[in-house]
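Enquirer: One letter stands for each residue in the lines below.
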Amino acid sequence: MQHGKYRFIIGFLIAPMALYVIFVIWPFIQSIYYSFTDWTGLSPDFEMVGFDNYTKMFKDDIFWKSLEHSVLLAILLPLVTLGLALFFAFMLNVGGRRRKGALISGVRGSGFYKIAYFFPQVLSIAIVAILFQFAFDPAQGMINGSLKALGFEHLPNWLGDPKLALWCIMAVLVWCTTGFFVVLFSAGMASIPKDFYEAALLDGATRFTTFFRITLPLLWDTVQSGWVYMGILALGAEGFAVVNIMSVGPGGPDYSTTVLPLYVYQAAFRDGQAGYATTIGVALLLVTLAFAAVVMKLGRRERLEY
Amino acid sequence: MKTTDTPPALREESGIPGQRTANSGVPGTSRTKRGEGHVLNVFSHGVLVIWAILVILPLFWAVMSAFKSDKAIFNSPWALPDSLSFDAWGRAWNQAHMSEYFLNTVLVVGGSLVGTLVLGSMAAYVLARFEFPGNRFIYFLFVGGMSFPVMLALVPLFYVMDNMGLLNTIHGLILVYIAYSLPFTVFFLTSFFRTLPTSVAEAALIDGASHTRTFFQVMLPMAKPGLISVGIFNFLGQWNQYMLPTVLNTDPNKRVLAQGLVELSTSQGYKGDYSGLFAGLVIAMLPVLAAYIVFQRQVVAGLTAGALK
Numbered sequence: 328m329q330h331g332k333y334r335f336i337i338g339f340l341i342a343p344m345a346l347y348v349i350f351v352i353w354p355f356i357q358s359i360y361y362s363f364t365d366w367t368g369l370s371p372d373f374e375m376v377g378f379d380n381y382t383k384m385f386k387d388d389i390f391w392k393s394l395e396h397s398v399l400l401a402i403l404l405p406l407v408t409l410g411l412a413l414f415f416a417f418m419l420n421v422g423g424r425r426r427k428g429a430l431i432s433g434v435r436g437s438g439f440y441k442i443a444y445f446f447p448q449v450l451s452i453a454i455v456a457i458l459f460q461f462a463f464d465p466a467q468g469m470i471n472g473s474l475k476a477l478g479f480e481h482l483p484n485w486l487g488d489p490k491l492a493l494w495c496i497m498a499v500l501v502w503c504t505t506g507f508f509v510v511l512f513s514a515g516m517a518s519i520p521k522d523f524y525e526a527a528l529l530d531g532a533t534r535f536t537t538f539f540r541i542t543l544p545l546l547w548d549t550v551q552s553g554w555v556y557m558g559i560l561a562l563g564a565e566g567f568a569v570v571n572i573m574s575v576g577p578g579g580p581d582y583s584t585t586v587l588p589l590y591v592y593q594a595a596f597r598d599g600q601a602g603y604a605t606t607i608g609v610a611l612l613l614v615t616l617a618f619a620a621v622v623m624k625l626g627r628r629e630r631l632e633y
Numbered sequence: 362m363k364t365t366d367t368p369p370a371l372r373e374e375s376g377i378p379g380q381r382t383a384n385s386g387v388p389g390t391s392r393t394k395r396g397e398g399h400v401l402n403v404f405s406h407g408v409l410v411i412w413a414i415l416v417i418l419p420l421f422w423a424v425m426s427a428f429k430s431d432k433a434i435f436n437s438p439w440a441l442p443d444s445l446s447f448d449a450w451g452r453a454w455n456q457a458h459m460s461e462y463f464l465n466t467v468l469v470v471g472g473s474l475v476g477t478l479v480l481g482s483m484a485a486y487v488l489a490r491f492e493f494p495g496n497r498f499i500y501f502l503f504v505g506g507m508s509f510p511v512m513l514a515l516v517p518l519f520y521v522m523d524n525m526g527l528l529n530t531i532h533g534l535i536l537v538y539i540a541y542s543l544p545f546t547v548f549f550l551t552s553f554f555r556t557l558p559t560s561v562a563e564a565a566l567i568d569g570a571s572h573t574r575t576f577f578q579v580m581l582p583m584a585k586p587g588l589i590s591v592g593i594f595n596f597l598g599q600w601n602q603y604m605l606p607t608v609l610n611t612d613p614n615k616r617v618l619a620q621g622l623v624e625l626s627t628s629q630g631y632k633g634d635y636s637g638l639f640a641g642l643v644i645a646m647l648p649v650l651a652a653y654i655v656f657q658r659q660v661v662a663g664l665t666a667g668a669l670k
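Taken in sequence, the protein lines are chains E and C.
Count along the first sequence from 1, then add 327; that gives the number in my numbering.
Count along the second sequence from 1, then add 361; that gives the number in my numbering.
Calculated directly from the structure, the hints in this document are not laboratory data.
A few of these clues could be false.
[As the list claims (entries may be wrong)] With a straight-line cut-off of 27 Å between C-alpha atoms, the simulated BS3-like cross-links for lysine-lysine are: (1) E:K521 <-> E:K441; (2) C:K432 <-> E:K332; (3) C:K432 <-> E:K475; (4) E:K441 <-> C:K432.
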């Protein structure tokens, strides 16, 4: 029996472990090693160069720019997205008053809103980015077309303007992620007992107080994990996809939209600096881990049981 | 018991008892509240409506543009198409190779999804149900992968794949998708298997079923709700994948939809076939959008169950 048990455990773990180690763990370990080499990625030869890549990185203006943009994305995006999502979710679940006899319910049409808000989430990030690339087109896009119809004259060159480009990128990321958090927070709010709200209502609490005294504290765990999730998205795959597809270059005029993952990609596969690219990648890893640690630390509160 | 306890506690909190009695007449409260509440109401409803429009309008615009001529797209972006023309759809499907990209995507996502669910549930079952040395270590090795930026691993991974002859192949892409889906899948399913009752599995074992047979014939069917949740999560993630294929799959014939569309948007920008591009976009988004509208309850439940854990 014991013998059979271990054979079974090994048999079941071997395939998933092998895949995971070969394609995920091993490349991660390798990349830290490569960050100390002058490997181009084009030829198999390389030499150890110690911390040369790291000193180069600290003197690299483009690195600092992309770091700044990535950090901006990781801080601002969750703030705006989760803020909007909390407001929407609150309105859709407890914002209504005395509808259908129920004391606590969503506003009228909340069922429809919940379905519609989630739409962008099921669309591929590539589709969203292409769609908005056209919408932002200065001469022929939907946005300037509508502005022109409203009588505006000086129309901005959205993605071509170094001052505006990053904000356009952020707007798109907010557009496509808010819906997910509306649904996530709605699920969280649904599990808060109704009598809490009823009691608050009898005491004459406004929506404002109800939200800050009841909903937010009881939802705090979900908000916090949402914050980390959104930050990792912005620092990683989604940030890369939107910048790589939408922005001019890609990377924007005067590197105004370059973010860390895009810079890693360009250094490795465009400039033939695989070793240096992994160095920037290590910086990205540190930023991601620091971000998660800070959110977890700042967000720590007494867990409320109900 | 609890209900009788609550009101006095709340009364103490509100401070002055007199104030409370004055407010306790419910009609009075609502009348005084209505004035300030009305402005707030209009504002809140306005914001909700505006966001709904912001979400739906771009999609509507894309679908409408797919039926128009290029000239009409720019000259009158908001006018309805004159006639339903499917020309652009044909061009996108055949000349722009959307049919091939569609097939590639179906193959890659189909293979990855089955692989992820089978391998993920096997690993999760063993990690959730058996005590053995190294159990915690392997579990954290898997779960830790959730917080690593994939871009960092992609540079060496490119060369690992190259050496194994897996670069630019469908099966290579499938293996990578599975590997990168395992952290979340194992994390989710491990906690799911822990919630399932042990007695059924024990009964099967006493009846003489092997561990393997118990897993496939007893435990896996019991885990169906969990598999559906994590399956939807992985389906959307893998169908929408952009970064992995961009780096690991550069052969024009093996492109998946996301790559094909980006390529199309760059090349159509020069050729000026915008209606073809919009048709391509709609072809790529309609199946998922339609599936979401039909199964939206399950999709939402699956995604939130996944993220709330």
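Enquirer: Please go over all the hints and tell whether each is borne out by the structure.
Expert: Hint by hint, here is what the structure shows:
Proposed proximity of E:K521 and E:K441 is supported: the alpha carbons are some 20 Å apart, at most 27 Å. For the hint linking C:K432 to E:K332, the alpha-carbon distance of about 69 Å lies beyond 27 Å, and the restraint is violated. Between C:K432 and E:K475 the CA atoms are separated by roughly 17 Å; this keeps the pair inside 27 Å, and the hint holds. The straight-line distance between the Cα atoms of E:K441 and C:K432 is roughly 36 Å, outside the 27 Å bound, and the hint therefore fails.
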